[in-house]
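Participant: Next come the chains, spelled out residue by residue.
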Amino acid sequence: MTRIFVPRDAAAIAVGADAVAAALAEALPGATIIRNGSRGLAWLEPMVEVETDRGRIAYGPVSVADVAGLVAAGLLCGQAHPLCHGLTEEIPFLKRQTRLTFARCGITDPLSLADYCAHGGYRGLERAIGLGPDDTIEELVKSGLRGRGGAGFPTGVKWRTVQQAVGPRKYVVCNADEGDSGTFADRMIMEGDPFVVIEGMTIAGVATGATKGYLYIRSEYPHAIATMNAAITLARGAGYLGADVAGRGAAFDIEVRVGAGAYVCGEETALLESIEGRRGMVRAKPPLPAHKGLFGCPTVINNVISLASVPAILGKGAEFYRNFGLGRSRGTMPVQLAGNIRQGGLFEAAFGMTLGALVEEIGGGTATGRPVRAVQVGGPLGAYFPPALFDTPFDYEAFAARDGLIGHGGIVVFDDTVDMANQARFAMEFCAIESCGKCTPCRIGSTRGVEVIDRIRRGEGREKNLALIDELCTTMKLGSLCALGGFTPYPVLSAIRHFREDFGVAEQETT
Amino acid sequence: MPKLTINGTEVEVPPGYTILQACNQAGIEVPHFCFHQRLAIAGNCRMCLVEQEKAPKPVASCAMPVADGMVVHTNSPLAQKARKGVMEFLLINHPLDCPICDQGGECDLQDEAMAYGKDRGRYQEAKRAVRAKDFGPLVKATMTRCIHCTRCIRFAADVAGVPDLGGTGRGENMEVGTYVEKALTSELSGNMIDLCPVGALTSKPYAFEARAWELRKTESIDVVDAVGTNIRLDARGQAVLRILPRVNEDVNEEWLSDKGRFVVDGLLKRRLDRPYIRRNGKLVEASWPEALTIAAERLGKASADRIAAIAGDLCDVESMLALKEVMTSLGSTNLDCRQDGAKTPAAVRSSYIFNSAIAGIDKADVVLLIGTNPRQEAPVINARLRKRYLKGGFKAGQIGPFFDSTFPVTALGEGPAVLQALVEGNHAWLDVLKSAQNPMIIMGSGAVARADGLAILDLACRLADAVGAVREDWNGFNVLQRAASRVGGLDIGFVPGPGGRDLDGILDGASKGEVEVVYLLGADEFDVSRLGNAFVIYQGHHGDAGAGRADIVLPGAAYTEKNGTYVNTEGRVQLGRLAVYPPGEAKEDWRVLRALSEHLGRALPYDSLPQLRQHMLSLFPLFAQVDDVVATAWQDFGVQGPVSGADFAYPIDTYYMTDPISRASPTMAECAVSLAPNPLSKTGTHG
Numbered sequence: 001m002t003r004i005f006v007p008r009d010a011a012a013i014a015v016g017a018d019a020v021a022a023a024l025a026e027a028l029p030g031a032t033i034i035r036n037g038s039r040g041l042a043w044l045e046p047m048v049e050v051e052t053d054r055g056r057i058a059y060g061p062v063s064v065a066d067v068a069g070l071v072a073a074g075l076l077c078g079q080a081h082p083l084c085h086g087l088t089e090e091i092p093f094l095k096r097q098t099r100l101t102f103a104r105c106g107i108t109d110p111l112s113l114a115d116y117c118a119h120g121g122y123r124g125l126e127r128a129i130g131l132g133p134d135d136t137i138e139e140l141v142k143s144g145l146r147g148r149g150g151a152g153f154p155t156g157v158k159w160r161t162v163q164q165a166v167g168p169r170k171y172v173v174c175n176a177d178e179g180d181s182g183t184f185a186d187r188m189i190m191e192g193d194p195f196v197v198i199e200g201m202t203i204a205g206v207a208t209g210a211t212k213g214y215l216y217i218r219s220e221y222p223h224a225i226a227t228m229n230a231a232i233t234l235a236r237g238a239g240y241l242g243a244d245v246a247g248r249g250a251a252f253d254i255e256v257r258v259g260a261g262a263y264v265c266g267e268e269t270a271l272l273e274s275i276e277g278r279r280g281m282v283r284a285k286p287p288l289p290a291h292k293g294l295f296g297c298p299t300v301i302n303n304v305i306s307l308a309s310v311p312a313i314l315g316k317g318a319e320f321y322r323n324f325g326l327g328r329s330r331g332t333m334p335v336q337l338a339g340n341i342r343q344g345g346l347f348e349a350a351f352g353m354t355l356g357a358l359v360e361e362i363g364g365g366t367a368t369g370r371p372v373r374a375v376q377v378g379g380p381l382g383a384y385f386p387p388a389l390f391d392t393p394f395d396y397e398a399f400a401a402r403d404g405l406i407g408h409g410g411i412v413v414f415d416d417t418v419d420m421a422n423q424a425r426f427a428m429e430f431c432a433i434e435s436c437g438k439c440t441p442c443r444i445g446s447t448r449g450v451e452v453i454d455r456i457r458r459g460e461g462r463e464k465n466l467a468l469i470d471e472l473c474t475t476m477k478l479g480s481l482c483a484l485g486g487f488t489p490y491p492v493l494s495a496i497r498h499f500r501e502d503f504g505v506a507e508q509e510t511t
Numbered sequence: 001m002p003k004l005t006i007n008g009t010e011v012e013v014p015p016g017y018t019i020l021q022a023c024n025q026a027g028i029e030v031p032h033f034c035f036h037q038r039l040a041i042a043g044n045c046r047m048c049l050v051e052q053e054k055a056p057k058p059v060a061s062c063a064m065p066v067a068d069g070m071v072v073h074t075n076s077p078l079a080q081k082a083r084k085g086v087m088e089f090l091l092i093n094h095p096l097d098c099p100i101c102d103q104g105g106e107c108d109l110q111d112e113a114m115a116y117g118k119d120r121g122r123y124q125e126a127k128r129a130v131r132a133k134d135f136g137p138l139v140k141a142t143m144t145r146c147i148h149c150t151r152c153i154r155f156a157a158d159v160a161g162v163p164d165l166g167g168t169g170r171g172e173n174m175e176v177g178t179y180v181e182k183a184l185t186s187e188l189s190g191n192m193i194d195l196c197p198v199g200a201l202t203s204k205p206y207a208f209e210a211r212a213w214e215l216r217k218t219e220s221i222d223v224v225d226a227v228g229t230n231i232r233l234d235a236r237g238q239a240v241l242r243i244l245p246r247v248n249e250d251v252n253e254e255w256l257s258d259k260g261r262f263v264v265d266g267l268l269k270r271r272l273d274r275p276y277i278r279r280n281g282k283l284v285e286a287s288w289p290e291a292l293t294i295a296a297e298r299l300g301k302a303s304a305d306r307i308a309a310i311a312g313d314l315c316d317v318e319s320m321l322a323l324k325e326v327m328t329s330l331g332s333t334n335l336d337c338r339q340d341g342a343k344t345p346a347a348v349r350s351s352y353i354f355n356s357a358i359a360g361i362d363k364a365d366v367v368l369l370i371g372t373n374p375r376q377e378a379p380v381i382n383a384r385l386r387k388r389y390l391k392g393g394f395k396a397g398q399i400g401p402f403f404d405s406t407f408p409v410t411a412l413g414e415g416p417a418v419l420q421a422l423v424e425g426n427h428a429w430l431d432v433l434k435s436a437q438n439p440m441i442i443m444g445s446g447a448v449a450r451a452d453g454l455a456i457l458d459l460a461c462r463l464a465d466a467v468g469a470v471r472e473d474w475n476g477f478n479v480l481q482r483a484a485s486r487v488g489g490l491d492i493g494f495v496p497g498p499g500g501r502d503l504d505g506i507l508d509g510a511s512k513g514e515v516e517v518v519y520l521l522g523a524d525e526f527d528v529s530r531l532g533n534a535f536v537i538y539q540g541h542h543g544d545a546g547a548g549r550a551d552i553v554l555p556g557a558a559y560t561e562k563n564g565t566y567v568n569t570e571g572r573v574q575l576g577r578l579a580v581y582p583p584g585e586a587k588e589d590w591r592v593l594r595a596l597s598e599h600l601g602r603a604l605p606y607d608s609l610p611q612l613r614q615h616m617l618s619l620f621p622l623f624a625q626v627d628d629v630v631a632t633a634w635q636d637f638g639v640q641g642p643v644s645g646a647d648f649a650y651p652i653d654t655y656y657m658t659d660p661i662s663r664a665s666p667t668m669a670e671c672a673v674s675l676a677p678n679p680l681s682k683t684g685t686h687g
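Sequence order for the protein chains is R and W.
The first sequence runs contiguously to residue 511 in our numbering.
The second sequence runs contiguously to residue 687 in our numbering.
Each statement offered as a hint is correct.
Under the rule of at most 30 Å between Cα atoms (straight-line distance), these lysine-lysine pairs were calculated in the DSBU-like manner: (1) W:K118 to W:K84; (2) W:K57 to R:K285; (3) R:K212 to W:K391; (4) W:K127 to W:K182.
Treat the hints as calculated values from the structure; they're not laboratory data.
A quick note: this is a predicted structure, and the numbers were derived from the prediction, not measured.
Using the sequences and the accompanying hints, generate a full structural model.
Facilitator: And the structure:
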């Protein structure tokens with residue numbers, strides 16, 4: 001029976017994948033419809049794939065109205081059609097990628113453990129158990145993997161700290177509170193390859209001695225929550241979670257916790273507070289979560305992508321992984337292309353591609369066809385880069401050197417109609433809305449920042465207020481407790497620096 | 001010990017210190033609002049930012065532990081810039097209503113604004129405003145002044161153990177409050193006023209009374225319970241306007257109970273400010289010579305076994321000693337300072353004090369509470385117990401009726417039968433106590449204030465021995481006294497002499513006509529109707545139960561109006577000091593007794609307080625060790641005998657009204673109505 005793949009990814013469902021799948025099932029009663037994860041070619045969703053002798057053939061974007069025509073054109077045999085893109089693997093957007101973390105995403109049935117294992121799943125855990133905790137962590141340190149949530153802290157070092165910490169219990173917490181604008185990698189992997197997240201968390205548990213894992217997913221991700229819960233049940237049923245993981249004697253289990261809509265709960269300590277049942281407010285560090293984290297116990301807290309990269313690293317070896325990338329940014333990074341972009345989606349590649357290549361070559365420029373004016377990298381707290389800085393290689397240090405950050409790898413593109421003063425205001429407003437209210441600089445600075453930018457936009461005391469916003473940003477940067485207040489100045493200051501012409505008109509000075 | 005360099009000077013501090021603590025040790029001041037050494041670290045005000053070399057940005061010194069080789073600059077341009085920025089932010093929203101703010105003159109924000117603030121704001125938009133909240137009769141919450149340091153939240157949650165306060169709203173909309181508006185339910189809520197670094201939480205009864213710099217400050221001792229909390233009396237003219245705690249790590253750390261703090265307005269109400277004599281059933285004003293003459297006549301005329309004296313809960317040791325000596329000079333041994341009817345033997349000191357000392361709580365790992373509700377009987381000691389609980393590795397059991405404890409207690413039963421079972425080895429908790437490293441037994445004053453008190457004492461004594469609560473290096477047998485005068489009274493033997501009557505004996509005698517004259521020294525906490533037809537001389541400061549029954553009233557001094565010695569529940573001798581003079585014709589109590597002795601023709605051998613104290617020291621050398629706990633030998637006490645089946649009862653019904661001063665206080669009355677777990681029943685004249 002021919003297998004037809006229709007993604008179950010929320011991005012595909014949002015554009016009608018469920019209806020397409022139903023229509024296909026009705027039109028082709030003989031075919032098996034598999035609801036796979038997304039391949040990450042968002043502009044082609046719903047992207048239907050058909051398994052043929054030549055390989056999988058992609059069609060997209062497919063609407064219900066297209067189904068009859070596709071079937072008539074010979075969809076089952078992968079025949080030509082205006083929507084046909086040929087072999088999926090040969091689509092340039094995919095072909096140029098190096099998929100290590102997302103190796104299975106879109107290929108397998110997300111909730112088939114057999115499929116997962118057939119595609120290299122649980123080899124990482126197998127090897128980790130064989131190596132033992134010390135060597136597992138050593139392997140991770142050697143791989144050069146750094147936290148993919150944004151801060152870029154070496155994951156292996158964090159694990160070693162937890163392993164060596166003393167506590168009555170230890171925890172693994174997976175941060176799936178993916179709140180950055182323009183990011184969706186966490187969601188995609190959870191919906192498209194949930195077992196890799198489970199395996200990554202399990203390896204973390206086995207390596208550090210933690211016996212309980214919490215997967216904190218934002219409430220805005222209902223599909224990811226459902227998929228992860230189903231996958232956890234399956235893994236538990238197959239003995240990959242529970243009192244005796246994989247029959248090798250270690251105990252580890254995972255519980256999904258759902259957030260309640262606060263951006264700041266993506267900050268690790270606020271997330272811990274939230275899991276503990278309190279207000280999502282940032283804790284002062286130290287103590288680090290690695291020493292005193294969840295319920296006061298040593299806790300590994302990692303981003304979804306960090307943990308999802310671990311099975312590949314252990315499965316293929318640290319050397320293999322660290323051969324990708326450059327400098328201190330090793331391995332691959334799932335870059336998420338979004339905003340006003342022609343070919344949006346997930347692009348996993350080794351560190352080092354330039355920003356310009358990602359936006360222009362991979363993304364194909366803006367969706368509106370107008371020139372790119374600004375790119376925000378790293379979520380709402382990331383800096384705005386003008387095309388003049390498109391030569392910046394995509395790696396942690398290169399972006400930091402230009403007062404930016406790669407964050408969680410989200411890229412949001414704007415064309416030349418953007419009002420950058422409005423974007424700067426948005427950054428402050430976002431912080432004002434999402435600030436937990438704990439520390440003075442973030443709580444007060446963000447609200448007053450909006451007002452000062454408003455004054456600038458109205459042309460009131462432009463130079464004086466530009467100087468004031470600069471000082472306000474300095475106080476937020478120097479004084480804020482966490483990255484929310486500390487990084488809000490980046491989009492604001494970068495917008496002012498690179499797009500000063502958008503900030504009021506000097507002639508209108510009133511004071 | 002890590003060594004670090006602060007402002008170019010090398011400092012060595014204990015490991016685990018934060019940079020802020022290291023700076024304090026080095027005598028370098030770092031401004032801060034949210035940090036408080038007795039509260040959990042929050043790190044949210046960002047005022048204590050300092051520059052740490054090699055750190056990417058300034059660090060919050062309150063939250064950053066020191067590390068060897070750290071180089072810190074507390075006043076570098078970067079640190080200054082960060083702090084000035086934070087201060088500017090705080091002042092954007094702070095109302096700057098200092099002229100009408102009670103915190104003015106003792107406000108951290110005011111002080112730091114002098115150092116880091118600008119003289120005008122650069123932000124023109126309207127300030128954020130927050131509606132005032134109602135936190136009950138004690139704490140005035142002007143929340144628009146709040147800078148969100150969260151000290152009050154952390155105090156309520158950690159120290160007081162009542163999760164009353166929290167933050168609601170996020171970001172700029174965050175407010176500190178009770179969520180559903182209600183009064184704070186802690187007996188320690190006044191401490192939040194001291195902790196609040198700005199004028200958000202101020203004292204409601206003290207609102208707009210005085211400025212800090214107008215007040216005369218006198219260091220003294222609190223007497224509303226037996227903790228002996230170290231306090232400061234702030235007075236202007238002839239009125240004490242407020243009471244604040246002083247730091248004493250061994251006693252009260254820096255906390256003060258709400259009653260001890262807010263009882264102050266009771267000092268101005270219902271005062272006995274001149275002598276009175278009862279004529280034709282009514283008390284009429286009299287002169288001192290008249291009153292003393294009649295009192296001396298009545299005392300002198302009756303035979304020694306037909307006169308008696310009872311000392312109350314707030315008495316200083318000097319006046320009790322003077323009264324005892326007056327009675328002794330008349331040949332009477334009918335004395336009692338245990339007006340609650342406690343059976344405590346004065347002969348064995350370890351039977352009536354808190355042997356481990358209050359600080360000993362920090363070392364205890366298992367505590368058994370017998371017939372005591374420490375939350376009401378000694379809120380400050382209760383906070384210490386909670387602090388110990390929070391440190392972990394602590395278990396508490398409790399024998400007595402349920403009460404709303406601020407730390408988890410295992411209820412073992414409500415009456416002495418449980419104690420008996422423990423002693424006889426028939427109770428599971430015996431092993432818990434035995435396996436403890438430093439077991440502690442805390443027995444309430446109420447547990448011995450019953451007919452079988454001596455038998456209960458005997459059981460407790462045996463239990464202490466059986467579980468190893470008393471060793472060379474540890475004495476975990478503790479009595480939690482309730483009355484400030486009690487230990488001092490027992491120390492000087494203000495108890496029946498040979499053949500003398502105790503409280504019950506005196507009252508029985510009075511009602512049967514066997515006791516003709518009863519001298520009450522501030523004694524109001526017993527059933528005065530049992531005084532029968534006895535001639536009652538009441539010496540004290542408030543028109544309460546005793547004065548109401550008296551035939552002669554001799555006006556004395558409240559604790560704020562005299563220099564007096566008090567011995568707290570630990571047996572710690574402390575000195576209360578005169579802050580203002582007694583009102584009207586009232587006199588310091590020992591003087592009244594000295595004058596009376598003159599009238600009796602049996603003049604006491606001292607004419608001044610120093611002479612009296614010299615005399616006291618010669619009789620009782622332990623009073624020489626002021627502020628210290630005197631080592632006390634462990635001896636057996638109690639009398640083996642049957643115990644009754646009656647449950648233990650706590651000595652306090654209404655926390656806010658336990659003595660003549662608190663009963664006279666309008667603030668305490670308001671609390672008693674709105675806050676107490678057992679609110680006063682309404683009289684029918686309310687509203």
